[in-house]
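Residues per chain, in single letters:
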Amino acid sequence: METKVETKIDTNEIKYTSKDFASDQDVRWCPGCGDYSVLAQVQRTFPDIGIKKENMVWISGIGCSSRFPYYMNTYGFHTIHGRATAIATGLKLSRPDLSVWVATGDGDLLSIGGNHFIHTCRKNVDLKLLLFNNKIYGLTKGQYSPTSEKGKVTKTSPYGSVDYPFNPPLLALGSEATFIARSLDRDPKHLQEMIKRAAEHKGTAFLEIYQNCNIFNDGAFEPLTDKNTKADNVVVMTHDKPLIFGKNNEKGIKLDGFRPVIVDLNDPNNSINDLWIHDEFDSSPVRASILSHFTDMPGMPTPIGIFRQITKPTYNEGLTSQIEHVTEKKGKGTLKSLLYSPGTWEVN
Amino acid sequence: METKVETKIDTNEIKYTSKDFASDQDVRWCPGCGDYSVLAQVQRTFPDIGIKKENMVWISGIGCSSRFPYYMNTYGFHTIHGRATAIATGLKLSRPDLSVWVATGDGDLLSIGGNHFIHTCRKNVDLKLLLFNNKIYGLTKGQYSPTSEKGKVTKTSPYGSVDYPFNPPLLALGSEATFIARSLDRDPKHLQEMIKRAAEHKGTAFLEIYQNCNIFNDGAFEPLTDKNTKADNVVVMTHDKPLIFGKNNEKGIKLDGFRPVIVDLNDPNNSINDLWIHDEFDSSPVRASILSHFTDMPGMPTPIGIFRQITKPTYNEGLTSQIEHVTEKKGKGTLKSLLYSPGTWEVN
Amino acid sequence: MREEKILEKELQNLKEVTIRFAGDSGDGMQLTGSQFSDTTALFGNDLGTLPDYPAEIRAPAGTLYGVSGFQVHFSSADIYTPGDTPDVLVAMNPAALKINIKDLKLGGTIIVNTDSFDSKNLGLAKYESNPLEDEALLSNYKVYPVAITTLNATALKDSPLSNKDINRCKNFFALGLMYWIFNRPIEPTVKWIYEKFGKKQDIAEANEKALKTGYYYGETTETFTTRYSVEPASLPKGVYRNIAGNEAIALGFVAASIKSGLPLFLGSYPITPATDILQYLSSYKNFGVKTFQAEDEIAGITSAIGASYGGSLAITTTSGPGMALKTEAMGLAVMTELPLVIINIQRGGPSTGLPTKTEQADLFQAIYGRNGEAPIPVIAASTPSDCFFTALEAAKIALKYMTPVILLSDGYIANGSEPWRIPDPDSIPEIPVSYRTEAEGFFPYLRDENLSRPWAVPGTPGLEHRIGGLEKANITGNVSYDPDNHEFMVRLRAAKVQKIQQDVPDLAISHEQEGELLVLGWGGTYGAITEAVMKARAEGHKVSQAHLKHLFPFPKNLSDVLNSFKNVLIPELNLGQLAKVLRSELLIDTISLTKIKGLPFKSSEIQNKIVEILGGNNGN
Amino acid sequence: MREEKILEKELQNLKEVTIRFAGDSGDGMQLTGSQFSDTTALFGNDLGTLPDYPAEIRAPAGTLYGVSGFQVHFSSADIYTPGDTPDVLVAMNPAALKINIKDLKLGGTIIVNTDSFDSKNLGLAKYESNPLEDEALLSNYKVYPVAITTLNATALKDSPLSNKDINRCKNFFALGLMYWIFNRPIEPTVKWIYEKFGKKQDIAEANEKALKTGYYYGETTETFTTRYSVEPASLPKGVYRNIAGNEAIALGFVAASIKSGLPLFLGSYPITPATDILQYLSSYKNFGVKTFQAEDEIAGITSAIGASYGGSLAITTTSGPGMALKTEAMGLAVMTELPLVIINIQRGGPSTGLPTKTEQADLFQAIYGRNGEAPIPVIAASTPSDCFFTALEAAKIALKYMTPVILLSDGYIANGSEPWRIPDPDSIPEIPVSYRTEAEGFFPYLRDENLSRPWAVPGTPGLEHRIGGLEKANITGNVSYDPDNHEFMVRLRAAKVQKIQQDVPDLAISHEQEGELLVLGWGGTYGAITEAVMKARAEGHKVSQAHLKHLFPFPKNLSDVLNSFKNVLIPELNLGQLAKVLRSELLIDTISLTKIKGLPFKSSEIQNKIVEILGGNNGN
Ligand SMILES: Cc1ncc(C[n+]2csc(CCOP(=O)(O)OP(=O)(O)O)c2C)c(N)n1
Ligand SMILES: Cc1ncc(C[n+]2csc(CCOP(=O)(O)OP(=O)(O)O)c2C)c(N)n1
Ligand code: SF4
Ligand code: SF4
Ligand SMILES: [Mg+2]
Ligand SMILES: [Mg+2]
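Chains as they are written, first to last, in my numbering: chain A, 1 to 348; chain B, 1 to 348; chain C, 1 to 620; chain D, 1 to 620.
Some clues are possibly wrong.
[As the list claims (entries may be wrong)] The calculated lysine-lysine pairs, modelled on DSS-like cross-linking and capped at a C-alpha distance of 25 Å, are:
hint, chain 1, residue 1, chain 2, residue 2
1, C, K542, A, K332
2, D, K566, B, K330
3, A, K15, A, K189
4, A, K141, D, K199
5, C, K200, A, K329
Keep in mind the hints are simulated off the structure, nothing from the lab.
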């Protein structure tokens, strides 16, 4: 009996380092894959989140990205294609004490898993969803995905795909997700920050990570990550800060009605005071919707950061508190009260 | 052989009446169900659409509303729960010459069928989707649906549901549907107009119809349909017209930034010229998104009409034209060219 | 005064009676039938019920396909079925008469609501002339015409209710009349009315009045000269309740939750005839039960898998089409060896089929219907009250062997009810479960003596590990593509499920332990088979009976049992699925009696087959 | 000059050779193997191939689980398998050696890339010392160490490519060397290189140079003293191509589309090992083929059902987990009696299982795995080229009988290839199909002599009608809840599928038509069984062979065939599923030989079992 106590790791005493979150499994992604960076940033961020590692669970579906749980020294469940969010929902509802994270791909979450995704957002289940968006089916070796651009030539679209892609943050907005963010595999610091912020959010936190698949869709995000082009193609959304980008922070974005326009800050006619000040907590979803649409607008930079986050009771809270409430009112049920409910009679 | 020719109905010669669209099957909805009105309005509208009835197909899933195809004297397919849009997609892609209509319920389209719905919208498959939204599962006798309001007491939520509902037009916007509209079972003329407009649209046309289930969710839309309250609770979106409502058309809506505000038109300080002029064809989706949110905003009327419609090539056009293009370039394939493709050798 | 009058009328004692209430979907026949059953149960009879309603919610009034029926069979002795052929038919309209008359016993009693026999309703029922004027009908049956609508409306003329609402009370009039004829108390229904409509005083009062008017109508009118009495059955001592199968399943899993100390989680999507279970369980919030109405059946089962992974007693409920959708996830539960109960309330198939009708055609699917070698134990409930114990049994197997379990029920026992002697809560054995907490020596796929792997739930320090749907290495549970490991694990999973046999009680044979003919059944055919065997034996036929609860793996002695009889008859509501499984598993041939009409067997159908097989031969 | 040199070296004639190429997932072994196969096929040998790759795309270089292999067996006579045990192993790194050495024939040849045997790679391969210095290895095998990386790099030192890209050419060096050793022409590969990399001139040139350098290295160096020659097989006259099973399925359905005059529609969602079919078909746009990459497998099959309803030849492709998801929709196709082919390329299960490995464990699911009585005919392909004909057969049955059909293939024949004598396009029979156009006498569920209902596609004036998943009334196809109609229709659907038997050719027996032992197979085990039977016979054992294409319904004579032999041996890559189906359907017991390792049978495994059964007895 005493050995039992000794072998228990009391994590209260432990201050984690990123290594504590690395499992003993060899990482099996292709060399150079963007997934490595996401793993590294998660492992770097988790010590700061302040949750014991035995209380953290990673759930995934199927895909290269869905191998993620194997590499985290937490609890993990590599499930079936598209169902990670539904499995995670069952886990979180039954075990609200756990911190439940989902690692998923653009095919896993948005193709076969689309329904569970929108329903998870709608219900505001307290899950952290990390979408590894490489705009391709990696594991099955290179077919277009629902985020691949129209006209994309892949193994299943030798003449170019005729599908329009999803705009993931917009779909999340349409499903009324309470936390919507985007980051880049090649921007470790930003990615760490987003992971931390997702962890802090109560409710469904959706984080889209642009991730390079160097085997089947290499360079998909190069304009956003290459140090020569990045500054001109990415705008970082920071709360309470104006939307500014460009190599020398010389470009700003302001709103002309509902239309975002880029202004040259070097031009003295333009003032930084007229720029769009980003408000993560905006009570209206409209600005977040405009920001989501940047990616369809030629010339606009791609926003990274938090599109919007709001607070409303989570589904799991609702369920738990209803149970508490009813139990308080009716008293905790017993087997006897269950079996002998109204309508009984006695035979002697 | 001659009889063959005779029995063919040459619909070119026929000017349809609504009766031509009524099948010989007894209609089996509950007396008083809102579905009757939708059926009547469809049958009234179809003669004007100008398509031969043999070229019209109704596809449905499972639910009370999904019985719809049986009552239409066109081709019809009552399929399985949630899959109507996917089946309709296959039909439309393979038979672009047909006019394909989907009759579906809030459970059928948005619960089990959510994934096919968002993917149909994304791809812009040329289908007409009529959502009979009664905010309840009718056929299974009264459980809450993904459009039921939070707190709703039903057979499966005896203590009130803890789910937030979907906002269907917003979800359609999030999936970038090209035609999004709403109407009411109890407003026959408006409903007819919307059906006609959906028919005219090229691409996915999503029409949400608020439909009363007088058995399991009676009165859900009464404030919107009762003649005493309707004028104050409904605003009709008409292209190029200001948003005005109220018994005496005395209330207008204007935009204060992104925030819609109701103004009293009796107050001489308010001018009709400041009101929000509805633009169905708005190139930006932002106004449509604000309109979709009216239903969450206390005090705002429920919009009916077309939220937005835009034109972009349909998925079926893309597929067909790619085939034509490749065939033109490579020549129509023959069995010989198929079998004897590169890499053959001869043994003598 | 009243008592005197009663005495004027004849009181005839009957051993058993079968009544069928039939009317429009909107006529409240399900309610009438279940009130009659509850009262009859309370009165002390044994009983069986068969609700039968259309797939439409309320088909237009008066139509043939809109007819809804509820049959109740009650007796002063043990009974096992809702009765083959009704003795009494209550027909609220012509369509109900038309649809049901063919089932009625020749010479049986018909009580009709004459008010509804107008030309419109006769037309809707496709009657060319009024059947109540038909000599054949009148001579073959005892027909009692009662102007139920008018009598009810007259009685309620002072009610503040609308005419429409008043008319909706007429089923209580009919119920009252039946209570009088069959000499049952009306108080339980009066009490029920006030519980149900308490807040709507007008409705409650109107219904009570309709009920009493119907009752007194029987007493006062000259039409009815005879009352019948069916004495209470001499049931074993105990406290009873009337219970339907789906309710019993719900109770069974709450009981399993209490007895195992695990929280109960149900992930489900509504579907007929399984929805009730979700509905019942969603009301047990004060038992800590969590119900999740998922977006579809896939989320139903996968959320349950998530909950099981987290340490709950997790279940999912559905019927055929939903079962099909859960197939892939069942494979995941097999591979990850997580406890889970998948409950299939079978209905008529294939596809949407006959959603409100009963069938047993999902046995093949339960045993064989997955990709890969994915063995899942299968058990079936046989009667409404047996559903309770089958639920407990399913939970026990799932938890002990860390495996998904399929529990089969069917629309007939799910909706049908019977009096149930409530078991002593303490007599229900605990279900021992323990999570793994010890870090030393922990491996996710290490096995105990039952070949079960440890249940190490998230939140346990030191046991962090990863599982998933890829093939697992023996012991460590790591992903393994090793060919030999795969073969080992496939056989291990099969062996584990086979091992459950050690807990499966030997199949018991009723009556002779060997001989000419055994009738072997499974699932909801139990009642009809039992009755058929009893009747055949009463006629002198030597025939034995056995009923399978465990369909995979089978009881150890099954082969011996079957080989002890010259013939084995298997009645099934399918094309002979169990018979084929027996051939496949035991290489034993049997005689199939199949029926696929969306209806349960009549005991006479089975009895006739027994007699046919035994021929003149009584098995002596 | 060159020719002279060649003559200096010994040229040894062999009947057959098995080579396995093995290296890192990134080493291009699949490409090397398939180039060698294509050239060998062109050269005129008969051959069989077995690609074997990990589930990871590119596992980190040098690891054991990252090893990818490709085995090719070629011969101057007919062959049926990729070879049991390789004669030659090309090992590009230590991990490849470690994983594959155990399969090599004792005394076989090993060609290793010595450059990769550094301490890092040895460590990754978990070698404690360099195996190339291991006496045991050197004495048991002929080991040829070649510094492939260096030689390749030196040859390409003037290439403008990066070092990384140069290094990626080294598989062509190895290929060139093998071409020299086995006396094959390099031209076909050179041609292929330029077709493939035409636009990237630098890469094309580097690869060509690597190839040629490898070839000349064999010629010039002293290491290799012997060349081998495997003479062309005396194959029947005709035009040949090398074909893999998935490609053959794609071609088969395009052919069926042409021969039936129906447009082909494929609704599919990618999944290993079925994705190829979607990939192939998506390139046949100029054949009017429509491919729809759906959001999931459910949309894959349901879109195909929609297309079938619209008059297309509709198919859907998948593997186990996807098959599970399609279950519900298959029921709809059964109920609506629409033609549809569901193609399952089986892989290792259950659940995600072993996604890149082969197995035959979905037979139960195909035959039994649906809710309700939902019979679907099942046929299986047995070799890569047989996939072509099986596709045609599946289309023919689906269209003639208006029914969904399940076509089973497996990862082994899907990815494996063999030379195929291309059939004369005109010799392939037309598939007669007609849509119903005549309005007079039309009923959607009226039947022809095959019990088939009419195909009345939307767009046809006068035939407007409604179908669906609820039970259909006989003839009219209206919704019907009538009990007798349901039973009638359930039996009718079963009878229709059973009627297909009229078109199923009698099962042919190879060798003696009766006797001691028949080896009965189905699906991709054909090659291994054929070889095993041939070898056993060559040793004097009297053993016959038969192979089932039609698994449901079976050929009419199956029972007679099986009863003509004292023993029937069934080798299956599962736990004995066909054996159980035979017991269930025919009440005939057989001997099972099962293997569930994600790998095909070796012919020797079957041969040994044959010998064991026949014992000393040669069947005389
Ligand atoms: C039910 C099912 N369908 C299909 C597959 C095959 N499959 C595995 S992963 C995958 C898509 C992978 O794409 P994504 O989710 O974007 O992940 P990535 O590999 O790109 O990280 C598919 C189609 C499967 N395993 N299961
Ligand atoms: C696979 C499957 N799951 C569940 C069901 C049961 N079912 C039938 S209709 C329905 C929901 C009906 O609601 P809705 O779509 O809103 O239609 P309504 O009846 O309200 O018009 C459900 C859950 C089914 N038939 N098939
Ligand atoms: S295929 Fe692409 S996404 Fe997958 S591991 Fe390789 S690089 Fe990463
Ligand atoms: S249940 Fe509701 S939706 Fe269904 S037919 Fe009746 S009134 Fe209409
Ligand atoms: Mg991806
Ligand atoms: Mg609804």
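So, going through the hints one by one against the coordinates:
no.: 1; hint: C:K542 / A:K332; verdict: violated (52 Å)
no.: 2; hint: D:K566 / B:K330; verdict: violated (58 Å)
no.: 3; hint: A:K15 / A:K189; verdict: holds (21 Å)
no.: 4; hint: A:K141 / D:K199; verdict: holds (22 Å)
no.: 5; hint: C:K200 / A:K329; verdict: holds (24 Å)
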